[in-house]
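**Q** Listed below, chain by chain, are the residues.
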Amino acid sequence: MTTAADTRAILEVKDLQTYFFTRTGTVKAVDGVSFELYPGETLGVVGESGSGKSMTALSIMGLVPGPAGRTVGGQILYHGEDLLQKSASEMRAIRGREICMILQDPMTSLNPVYTVGNQVIETLRQGSDSRSTGLRARAIELLEKVKIPSPDVRFTNFPHQMSGGMRQRVVGAIAVAGAPNVLIADEATTSLDATIQYQYLALLKELQEDTGMAIIFITHDFGIVAKMCDRVAVMYAGRVAEIADVRELFNNPQHPYTEALMRSVPNVDDDVDFLYSIEGQPPALDDLPPGCTFADRCPYVFDRCREEFPPAVETSPRHIATCWRLTGDSA
Amino acid sequence: MTQTAASPDTGVAANSSSAIIELDNIRKFFPISKGVLMRRSVGEVKAVDGVSFKIREGETYSLVGESGCGKTTTARMVLHVETPTDGYMRFNGKDTRQFSGSDRREYRASVQAVFQDPWSSLNPRMRVGDIIMEPLLTNKPMGKNEAKEQLDTLLRDVGLRQAQGAYYPHEFSGGQRQRIAIARALSLRPKVIVLDEPVSALDVSIRAQIMNLLRQLQDQYGVSYLLIAHNLATVRYMSHHVGVMYLGRMVEEAPTRDLFANPSHPYTKALIAASLPSHPDTVREEMVISGEVPSPLNPPSGCHFHPRCPMVMDRCSVDDPETRQLTAVHQVACHLY
Chain A
1 MTTAADTRAI LEVKDLQTYF FTRTGTVKAV DGVSFELYPG ETLGVVGESG
51 SGKSMTALSI MGLVPGPAGR TVGGQILYHG EDLLQKSASE MRAIRGREIC
101 MILQDPMTSL NPVYTVGNQV IETLRQGSDS RSTGLRARAI ELLEKVKIPS
151 PDVRFTNFPH QMSGGMRQRV VGAIAVAGAP NVLIADEATT SLDATIQYQY
201 LALLKELQED TGMAIIFITH DFGIVAKMCD RVAVMYAGRV AEIADVRELF
251 NNPQHPYTEA LMRSVPNVDD DVDFLYSIEG QPPALDDLPP GCTFADRCPY
301 VFDRCREEFP PAVETSPRHI ATCWRLTGDS A
Chain B
1 MTQTAASPDT GVAANSSSAI IELDNIRKFF PISKGVLMRR SVGEVKAVDG
51 VSFKIREGET YSLVGESGCG KTTTARMVLH VETPTDGYMR FNGKDTRQFS
101 GSDRREYRAS VQAVFQDPWS SLNPRMRVGD IIMEPLLTNK PMGKNEAKEQ
151 LDTLLRDVGL RQAQGAYYPH EFSGGQRQRI AIARALSLRP KVIVLDEPVS
201 ALDVSIRAQI MNLLRQLQDQ YGVSYLLIAH NLATVRYMSH HVGVMYLGRM
251 VEEAPTRDLF ANPSHPYTKA LIAASLPSHP DTVREEMVIS GEVPSPLNPP
301 SGCHFHPRCP MVMDRCSVDD PETRQLTAVH QVACHLY
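Protein chains in written order, with the numbering used here: chain A, 1 to 331; chain B, 1 to 337.
Since the hints were derived computationally from the structure, they do not count as laboratory data. Glycine residues also receive a C-beta, built at the ideal position from the N, C-alpha and C atoms. Honestly, I wouldn't trust all of these hints.
Computed spacing ranges between beta-carbons, pair by pair [what the hints assert, rightly or not]:
#, chain 1, residue 1, chain 2, residue 2, range
1, A, 25, B, 52, 55 to 61 Å
2, A, 274, B, 124, 34 to 40 Å
3, B, 282, A, 274, 18 to 24 Å
4, B, 170, A, 308, 29 to 35 Å
5, A, 134, B, 37, 46 to 52 Å
6, A, 271, B, 173, 27 to 33 Å
Could you build all of it, start to finish, from the sequences and the hints given here?
**A** Right, here's the structure in full:
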């Protein structure tokens, strides 16, 4: 599906900075994140909690929780237009129709006092000026598309009457109701059981093939990345440590963090005698060290790492990592 | 954390060490009642329906399965939080139903637990040192100096600094809290620790730290683990024996290596097929199983897995499959064998 090189990026995030201003200091949740997303592509954003992956997503949606949180710098170009310059009502027209998001917990993203059919119709009504005629039929069609069995019966169900997997399917139906160009799935399958997760991932792939939408998969799980994504951005402490095509990243990780992370994940397919583990913990985001944020945990650290943040180095076409070791003048 | 822990696979051969805890055909049914004034029982949830396995000395036994399969209820019975409806458990060869008061106290001290969420399992108002020492001091009164010595040993063994014993839980990260919970569980030098999803709430880079720590402590203390997990990769890395559960029943059981080399029950195969690959080029046997886990309130007849099974035969919906020995150590409950 990587028609990437010959088409224009649908979404371009440039040097995005989202900070939280708290009594105790400024928390740099997202600090200079850049990436591009091409039509039909699946980009994985991996990182641990606090790495800024969800805040990057919320920044794109214009939903950073205020007043403490604010996007203070950078650009988010959607079809060449900067979303950060849009008014609230312009953003409302984009959210849900152009760019959609699926969250981790379907119980909190669905309204417990409305039937699921009602909630699908609500989204459909937003997107069209037609009156209620045909909306019900279209909603049932959507529920069928996300493979909900007997959709006409399920249409009248409330969220609590459904299982977690079913609920997440309903959320999926609502997300694709407006035929979005970009779908952001933020840990969308984390709360699901293994066999249900498997079904849901297959469903998302199918929907993507049908509609040609681009997907940003936010996850902490390299397995999901390996299974689903065309390209991967690895985030650490609010920045992109490394970004590359998925095979290139798995075969040839350049950033020490990526390398260590991959070695620390157990494997279902092979016996592993000993798992590598990364010492220490990620730094506090309100008290970042002056140099590379990974320096304290890095096995290859040298003096320069602690003084200055490393530049982004393109080690091969479309493969970028931010590490001093790659600049050539490491000593 | 760079110390090497022995691989469970290269550990003791399957039958050589003795069982510490043995579960024999254990069942747990929860009644469902209706009505406010006239409460009457209208049925029961068969949470665990005839499960047998052995936890051997110094080994890790893992229970895997999706939510509602009964693995946590089984663990709670091992912890004596839940009393079995039927079947029995033996501890060091002794039937737990015949326990005297002092046997029971000894059992409780010998079987400890570490839970999934280290944010809710530690008392926020107690100092870490007190949290760790509470079980020990309750069971075995000792002098201040001796207690301090014990605490320092435990803190050191789980990779914390001595001074951190004076801190409160909120001053620690998730991984460190899990270390505190492990130290507390270890304080009584138990025979068995029940680990209920011990790493699934932790960040990826911290998980390996905790898994390696648990394996290293197993060598050091000779403790057995009953590991409850849904992540097969974790199970493969941590355990000597694996039992796969589905809707309250054990569908397959084998030493870890045999189970992953030769998964036999269609459900085990489906679980492995559904687990995420570790590399984009990993090719898996495609095995999409449709539908969801049915309600344990009204499980399907015959083999509980038959409505979702891709290899379903006529008799599967009629007869309960019996547990058969594939090899001396590998058991499966399926009509295919």
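**Q** When you take the CB atoms of residue 170 of chain B and residue 308 of chain A, is the distance between them in 29 to 35 Å?
**A** 34 Å, holds
**Q** When you take the CB atoms of residue 134 of chain A and residue 37 of chain B, is the distance between them in 46 to 52 Å?
**A** Holds, since residue 134 of chain A and residue 37 of chain B (Cβ atoms, about 49 Å apart) stay within the stated range.
**Q** Okay, residue 271 of chain A versus residue 173 of chain B on CB: inside 27 to 33 Å?
**A** Given about 30 Å between the Cβ atoms, the range holds.
**Q** Please check whether residue 25 of chain A and residue 52 of chain B have a Cβ separation lying inside 55 to 61 Å.
**A** The hint (55 to 61 Å, Cβ to Cβ) holds, given that residue 25 of chain A and residue 52 of chain B are roughly 57 Å apart.
**Q** Does the Cβ pair residue 282 of chain B, residue 274 of chain A satisfy 18 to 24 Å?
**A** 21 Å, holds
**Q** Determine whether the Cβ-Cβ distance between residue 274 of chain A and residue 124 of chain B falls within the hinted range of 34 to 40 Å.
**A** 35 Å, holds
Checked against the numbered hints above, the structure breaks none of them.
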